[in-house]
Each structure stands twice: as C-alpha cells, then as structure tokens.
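Q: Residues per chain, in single letters:
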Amino acid sequence: MSEQIFFGDVRSGDEIAPLSHDVTATTVVLGALASRDWRPMHHDYDFAVNRNGTKDIFLNTPNQAAWFERYITDWTGPKGRLGRMTFRMKDSVFPGEKMVLRGVVIGADTDDSGCGWVEMDVTLLADERICTTCSVRVAVPVNAEDNPWMRRGNDWLPNPMTENDR
Amino acid sequence: MTELSDIPESVSGRIGQTQYEETGEFPVEQGYIWTTCASVQNGNPLYWDAAAAAEITGGQIAPPTMLSVWFRPHHWSPGRTEAAVPLQAHFDLKEDLELPEAIISENTITFHDPVRIGDVITSRQVLRSISDPKTTKLGTGRFWVLDVEYVNQDGTLVGVESYTAFGYVRGDV
Chain E
206 MSEQIFFGDV RSGDEIAPLS HDVTATTVVL GALASRDWRP MHHDYDFAVN
256 RNGTKDIFLN TPNQAAWFER YITDWTGPKG RLGRMTFRMK DSVFPGEKMV
306 LRGVVIGADT DDSGCGWVEM DVTLLADERI CTTCSVRVAV PVNAEDNPWM
356 RRGNDWLPNP MTENDR
Chain C
122 MTELSDIPES VSGRIGQTQY EETGEFPVEQ GYIWTTCASV QNGNPLYWDA
172 AAAAEITGGQ IAPPTMLSVW FRPHHWSPGR TEAAVPLQAH FDLKEDLELP
222 EAIISENTIT FHDPVRIGDV ITSRQVLRSI SDPKTTKLGT GRFWVLDVEY
272 VNQDGTLVGV ESYTAFGYVR GDV
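Chains E and C supply the protein sequences, listed in that same order. In terms of this note's numbering, the first sequence has 245 at position 40, counting the first letter as 1, and numbering is strictly consecutive. In terms of this note's numbering, the second sequence has 185 at position 64, counting the first letter as 1, and numbering is strictly consecutive.
A couple of the hints might just be wrong.
[Claimed, not checked] Calculated lysine to aspartate or glutamate pairs in the DMTMM-like style (CA-CA distance at most 20 Å, straight line):
# : chain 1 : residue 1 : chain 2 : residue 2
1 : E       : Lys295    : E       : Asp326
2 : E       : Lys295    : C       : Glu227
3 : C       : Lys258    : E       : Asp261
4 : E       : Lys295    : C       : Asp170
5 : C       : Lys258    : E       : Asp326
6 : C       : Lys215    : E       : Asp242
7 : E       : Lys260    : C       : Asp275
[To be verified] So these bits of chain E aren't anywhere near chain C, every CB distance computed over 10 Å:
#  : residue
8  : Phe212
9  : Asp214
10 : Leu238
11 : Asn268
12 : Leu287
13 : Gly319
14 : Asp326
15 : Ala349
16 : Asn352
What the hints contain is simulated information worked out from the structure, not anything from laboratory work. Remember, predicted model here, so these are calculated numbers, not experimental data. Even glycine gets a Cβ: it sits at the ideal position worked out from N, Cα and C.
Only chain C is shown next, with the shape it has when bound in the complex (with noise of 0.2 Å):
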C-alpha cells in the first residue's frame, strides 16, 4: 500500500484563501463562441443570430458553460518559457502533495449575471478543502476542492466553478 506523505502547513494554510487572480488574455470574442457551438452542433438562435441575442438577452452572450474558457491561457505567448496551465492551484497540489496524477471527480457551475461579447474576465481560485489520504481504482491520494469565482470588468460575479479533484499516485507502489 503508498504510503502518503501529512499535508505541509505550507498547503493546509492555502485553505481559504485567494490564489492566482488572473485576467483574461482576450476579450470575450465571437470566434471561440462559434467554435463551441460547432464542437456539440449548438443551434440555439442566442449565438448564431444577433437579432434573436438582442431580443432576448439585451446583446450577445456566450454560451454559460463556457465561463472556464475565457481566462484559459495561450499555449505559448512571446517571451514565457514554460506553458502556462490553467488551475495553477490544483498543479501546485499535485506538486507538494507528491502526487503526479489527477483527475477531476466533480465539477459545480453556478451561472450568474451574463458573459457578453467584450467582455473581460478575472478569475481568482479558492482551495476549500483536502481530504484524507484514500485508494481508489486508479491508486491511492487525496481528494481537494478548489473554488474558481469569475469577475467581469465591472466586478460583477458572472460565475463560480467548484472542482472536486483526486490527485493519486497510480496502482500499489
């Protein structure tokens, strides 16, 4: 059976407290909202025709389930030698709790005020909670539940992600 290491004060003093406020590469734009649309053959009249968004929800929008692509960073940019990763805090987790796998169990999405096209957004994550070490099919680790809030540029709350995530080490090392 893995043994696991305690969870350093360094990581069980994140809990609580607000990581990584970063602000959206680009602006809200039309492109990626197609792009979505297409990827699960969306019809839906808000984002293909501007009448029907402009009747209905005062302008366009963008789908609400894409409210995590908005602050996702290029691959690579000019001058930045590693590739950025979204969910730096869950990557700092796997990181110092030495547990080099992960995946997401569960995923809450609560929809607030719009996402328009322009607009910018600003993410900030919260680690809630990490649990005690247990065994699962894929290996033995934690579970941790990290907050994801989304701010557009007036500061209005458009969204909160909630993500449940098992970080493990694979099979019985």
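Isolated chain E, as found in the complex (with noise of 0.2 Å):
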C-alpha cells in the first residue's frame, strides 16, 4: 500500500501503477464463497460450460468489486474513501489467465462542502482482453487534517451535484 495521496498530488491524467495476478481456479473459487456467492458457474467447471456456456468457471461480480477496491486504495492510501463505482462487464475472467488492473486519474475537483474528489477509469484486462471497465469515484483528503472517512450527511455527496441539486 503506498503512502496517503493528498488531492493536491493528484492530476488530470495521471497514471496508476499496474496491479497483476495470476487467476487460478482457487482465485475464482475463493472470491465466489468471501462474497458469498454460492452459485455454481463460479465453482462448478460442468455447469460453467454446459449450462452458461463459457468456457471455464469465472470470477464473480462482488469479487471483481473487491479486486478494484484493493486496486484503488492501495493507491490512495487508507483515508481514500470509494464514494461511487460503476462497472461493465464486457467479459468473463478464467482460470489460467493473467489479470492486470490499470487506472488513469480522468478528473479531480472539490464539491461544495471541500471534500476533494478523483475521478478515474480503471480497466481489467485478462489476457490483454478487456473483461471489466469500472468508473470510480474517490475522495481523498485535501489536506492532513482533513479526513473523508470523518464526512457525513451534507459533507457526504458520493454522487457529483448536477445543476438542479443546487
């Protein structure tokens, strides 16, 4: 995990270091039973590939979930708070292949209250095939006294204010 980013150390197309990891079938299985997800396409390789029609058992979506949260605050360090992830799938994660997270800052701005927000894009490749794209929204702190975790209610806006929340 690396030190605490301020907002300030953060810009407008910065790069996130990649993250990568060798997927095993322990991988997927471990991550469908920590989240708690008992069905049989993330442990079961006969009904992966004769029910669903895939090719191998394949990481679930809570998993995936969680490999992007390391993923980002490993980055920002533990006052970086997720206040919004979006994720789509475009494919599934297998047995056997390589996964690399890569993350690019897209933007960074302060809300009304001062919370200080990053914007970002983070891809999960298998293979070098596209599997998962994820648009995130984080606060990190925008000074050392500030501290997101501390914000609540009206101090606390996950989802950007448009135009007609003001």
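The task is to assemble the complex, starting from two chains supplied on their own in separate frames and drawing on the hints.
A: Here it is, written out as structure tokens:
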C-alpha cells in the first residue's frame, strides 16, 4: 500500500501503476465464497461450460469489485474513501489467465463541502482482453487535517451534484 | 429469430415498487472481512489494524464493496426446503419473462455511511425498468435495471447498488 495521497498530488491524466495477478481456480472459488456467492458458475466447471456456455468457471462481480477496491485504495492510501463505482462487464475472467488492472485519473475537483474527489477509469484485462471497465469516484484528503471518512450528511456527496441539485 | 412474449402487467406493475425487504442473517463480522481481503490480497490497515481503524474511521469497518455480502442468504439453513437466492426480484423476472439465462452487464454501487462490524443490514429491491426485446451475442432477451438499497439497524442508508441485467434465451431457437 502506498503512502497517503492528497488531493493536490493528483492531476488529470495521471496513470496508476498496474496490478497483475495470475488467476487460478482458487482465485475464482475463494472470491465467490468470500462474497457468499454460491452460484455454480463460480465453482462448478461442468455447469459453467454446459449450462452457461462459458469456457470455464469465472470471477464473480462482487469479487471483481473487491479487486477494484484493493487496486484503488492501494494507490490512495487508507484515507481514500470510495464514493461510487460503475462496472461494465464485457467478458469473463477465467482460471489460467493473467489479470491486469490499469487506472488513469480523468478528473479531480472539490465539491461544495470542500471534499476532494478524484474521478478515475480503471480497466481489468485478462490475457490482454478487456473484461471489465470501472468508472470510480473516490475522495482523498485535501490536506493533513482532512479525513473523508469523517464526512457525514451533506458533507458526504458520493453522487456528483448536478445543476438541478444546487 | 426467437419471439418473446409481451411483458405481463403483473410484471410491469412491479416497476417502482419496493420488494423483498430482508434483514441479513447475521451481523457484519470480522471473519468475512478478512476472507475477502485475503481473496484479493488487500492489505489496507483499516481492515487488519484495529488501532488504525479507530484513528481513521472511528472504529472497525467493512470494505465498502462488501455491501452485498451482508444480505446474501446462507446456502442452507434448518427448515428451508429450497436454496434461497439473493436478488429474488431478478430471479422472478427470469421466470416470469421466460428467460432462463441471465447475466449482469452493469453494476453501479454508491457508498454512503460506512458499514461497521456488528451492524445488521437490511436490503430492499426496487425494479426500475425493463427494455424492449434485444438480441446480443448471447441470445435474445430483455435488459432490466434493479436497485438494491441497504440500510443499517438505525435506518441509515449505507449504500445503493444498481444492477443492469440481460435475461435471455440462448442462441436462435
């Protein structure tokens, strides 16, 4: 895990160091059971192939979310606080593949409460195939005294405000 | 080309209605937090070091992305004759629309107050929309959007998950 990132350290276009992991059947099954997902396509090869029509068991969505979270907060440090994530699943991640997460900052702004928000695009690839893309909104401290985890009520706005909200 | 039946009124009438308010079968607990962190090798001290959690978050919390973990039912429990499924409104749609297969194509999670160890999470499901028939590489079916709202034992909103699913009939039957 990196040192704590502060809002002033972040620039649009910053690239986050990639994270790579060799996916095994254990990765898939452990991730499914950790997220209490008992559906057979995440642990039963025969069901995945002959019922779902996929080539093997595959990583479930909640565990992919956990991988994205780990990747993002490894970069932000522990005071980084997730506000919102949107996943788009394009393909599945199978045992035997090399999974790589890559992230880029696409924007950084403070809201009306002074909270520092970083917008990122993160891509999860398996054997260089794009499997999932994730749009992330994460709060990071604006200075040493600020801590996004202590924000409540109107000081915590995980959905960006629109003109209609103001 | 597969022909799909029209959407029954009994299904379209569910749009915007709260369904399946359910309380998690156990309080938020440390063991699943560690197992989840281990599954993705997440070394964030918030989840491994109680002193760091106390200093930064005012006490031990769960990783935000574990939101859905706390209401997923046991695979079996005494007296239950059929396996309970989470997102029951999703499985209802598969059955009622006669679409035997389904995938989740998009998922947005919005994180509100932190989920803390000992919290008991209640979820409620709200169907937002059902599309016209669509054909993709998987087959012919419909997309639907289903929200799951999560509150803690004090009624405080801790998160909202919005799922876009595609229910389908495989191939060209």
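Q: Indicate, hint by hint, whether the structure satisfies it.
A: For each hint, the structure was consulted:
no.: 1; hint: Lys295/E with Asp326/E; result: holds (15 Å)
no.: 2; hint: Lys295/E with Glu227/C; result: holds (9 Å)
no.: 3; hint: Lys258/C with Asp261/E; result: holds (18 Å)
no.: 4; hint: Lys295/E with Asp170/C; result: violated (36 Å)
no.: 5; hint: Lys258/C with Asp326/E; result: violated (26 Å)
no.: 6; hint: Lys215/C with Asp242/E; result: holds (18 Å)
no.: 7; hint: Lys260/E with Asp275/C; result: violated (45 Å)
no.: 8; hint: Phe212; result: holds (17 Å)
no.: 9; hint: Asp214; result: holds (18 Å)
no.: 10; hint: Leu238; result: violated (8 Å)
no.: 11; hint: Asn268; result: violated (6 Å)
no.: 12; hint: Leu287; result: violated (5 Å)
no.: 13; hint: Gly319; result: holds (18 Å)
no.: 14; hint: Asp326; result: holds (14 Å)
no.: 15; hint: Ala349; result: holds (13 Å)
no.: 16; hint: Asn352; result: violated (7 Å)
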